[in-house]
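Undergrad: Sequence:
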Amino acid sequence: MSKFNPTLATAIGVSLVTSAVAIGVSSLMSQSYTDMAVKNALEEQLPGAVDKTLKNREIEKINAAKAKILSKWSGASDTSIEGRHIYGNKDAQFTLVEFSDLECPYCKRFHDTPKQMADKSEGRINWEWQHYPLAFHNPAAEVAAHASECVAELAGNKAFWAFTGEWFARTQLNGQGVEDVERLAQEVGAPLDAYRQCMESGKYQVLIDNQVKKGTNMGVTGTPATVVVDNLTGNKLLVKGAQSTQVLLQTMQQLVKMRDETPNQEKLDPPSAATVQEIGAQKSE
1 MSKFNPTLAT
11 AIGVSLVTSA
21 VAIGVSSLMS
31 QSYTDMAVKN
41 ALEEQLPGAV
51 DKTLKNREIE
61 KINAAKAKIL
71 SKWSGASDTS
81 IEGRHIYGNK
91 DAQFTLVEFS
101 DLECPYCKRF
111 HDTPKQMADK
121 SEGRINWEWQ
131 HYPLAFHNPA
141 AEVAAHASEC
151 VAELAGNKAF
161 WAFTGEWFAR
171 TQLNGQGVED
181 VERLAQEVGA
191 PLDAYRQCME
201 SGKYQVLIDN
211 QVKKGTNMGV
221 TGTPATVVVD
231 NLTGNKLLVK
241 GAQSTQVLLQ
251 TMQQLVKMRD
261 ETPNQEKLDP
271 PSAATVQEIG
281 AQKSE
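Number 285 marks the last residue of the sequence shown (full-length UniProt numbering); no jumps.
Check each hint, because a few of them may be wrong.
Unchecked claim - Simulated restraints on C-beta separations:
no., residue 1, residue 2, range
1, E82, D209, 18 to 24 Å
2, G241, S74, 24 to 30 Å
3, A194, E44, 30 to 36 Å
4, K203, D78, 19 to 25 Å
Unchecked claim - Derived DSS-like pairs: lysine-lysine, alpha-carbon spacing no greater than 30 Å straight-line:
no., residue 1, residue 2
5, K90, K257
6, K68, K52
7, K72, K61
8, K90, K72
9, K90, K66
10, K120, K66
11, K213, K203
12, K52, K90
13, K257, K120
14, K120, K240
15, K72, K120
Derived by calculation from the structure, the hints in this document are not laboratory data.
All residues carry an ideal CB built from backbone N, CA and C; glycine is no exception.
Construct all of the structure, not just a fragment, from the sequences and the given hints.
TA: Following this line, the structure appears as structure tokens:
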């Protein structure tokens with residue numbers, strides 16, 4: 001029988017312990033490397049995932065705001081008529097052509113009057129917008145006019161009208177403007193990048209200038225000013241200031257009485273027209 005060798009037993013024991021420790025260390029290192037790889041992958045992917053989630057939430061907020069805002073302007077068609085911004089029935093008997101400044105306090109006060117008249121007229125009255133930014137409200141007033149035209153180009157006629165309403169709701173008036181115009185444009189449907197390109201182009205400056213000249217030639221000296229048009233005869237009367245519904249209705253009654261007179265067939269030029277022509281029948285109220 002072989003004798004027990006304590007030295008050999010000790011060596012074997014130490015070897016086994018060393019192997020176990022090595023295996024444990026290797027396992028721990030492997031787990032550590034795995035954990036680090038997972039951590040690094042998460043750190044790389046997480047910001048993108050968070051950004052995507054935040055972006056999606058922002059889009060949802062904008063879309064929700066858009067639906068709510070546009071619902072207030074259901075009386076406007078989605079497309080402009082011959083380049084004109086018209087709210088209501090395009091074949092209405094009467095048109096309220098308003099020369100307005102989006103930074104004008106009186107225009108803000110008046111803004112709901114023609115809208116309600118068009119909404120309640122059962123198609124007999126519509127409302128047309130013409131820009132008339134006042135010099136002492138610039139640059140904010142002209143920025144607003146440009147922005148509204150860019151919105152119309154990118155998102156349609158209904159979005160244009162929604163933009164005017166929201167601008168009046170958000171502006172500090174008298175040239176102080178809206179804090180976040182780009183957000184407003186998005187909330188009525190304009191894609192941000194395309195909107196920025198449109199604003200940078202300044203493409204609507206000529207249109208705005210021509211509408212101001214046209215209004216001045218008609219006798220407009222301040223805002224708001226409304227040219228009431230009888231679409232049956234072409235006769236027109238100018239009403240100055242933020243007048244009441246009653247005053248505008250009385251002006252229409254006067255136009256009806258004028259139907260037996262020689263018609264003035266001259267119509268308002270579309271906003272895109274470069275030539276400014278004067279109106280035949282005018283009256284200041």
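Undergrad: Each of the hints needs a verdict: does it hold here or not?
TA: Hints versus structure:
1. E82 <-> D209: 18 to 24 Å: holds, 20 Å
2. G241 <-> S74: 24 to 30 Å: holds, 28 Å
3. A194 <-> E44: 30 to 36 Å: Roughly 32 Å apart at Cβ, these two residues keep to the hinted range, so it holds.
4. K203 <-> D78: 19 to 25 Å: Roughly 21 Å apart at Cβ, these two residues keep to the hinted range, so it holds.
5. K90 <-> K257: Holds, at roughly 23 Å.
6. K68 <-> K52: holds, 24 Å
7. K72 <-> K61: Cα-Cα ~18 Å, so holds.
8. K90 <-> K72: holds, 19 Å
9. K90 <-> K66: holds, 24 Å
10. K120 <-> K66: holds, 24 Å
11. K213 <-> K203: Answer holds: K213 to K203 is near 17 Å, not above 30 Å.
12. K52 <-> K90: Measuring from Cα to Cα gives roughly 43 Å; hence the hint is violated.
13. K257 <-> K120: holds, 22 Å
14. K120 <-> K240: Judged against 30 Å, a Cα distance of about 22 Å means the pair holds.
15. K72 <-> K120: Roughly 14 Å separates the two Cα atoms, so the pair holds.
In terms of the numbered hints stated before, the structure departs from hint 12 and from no other.
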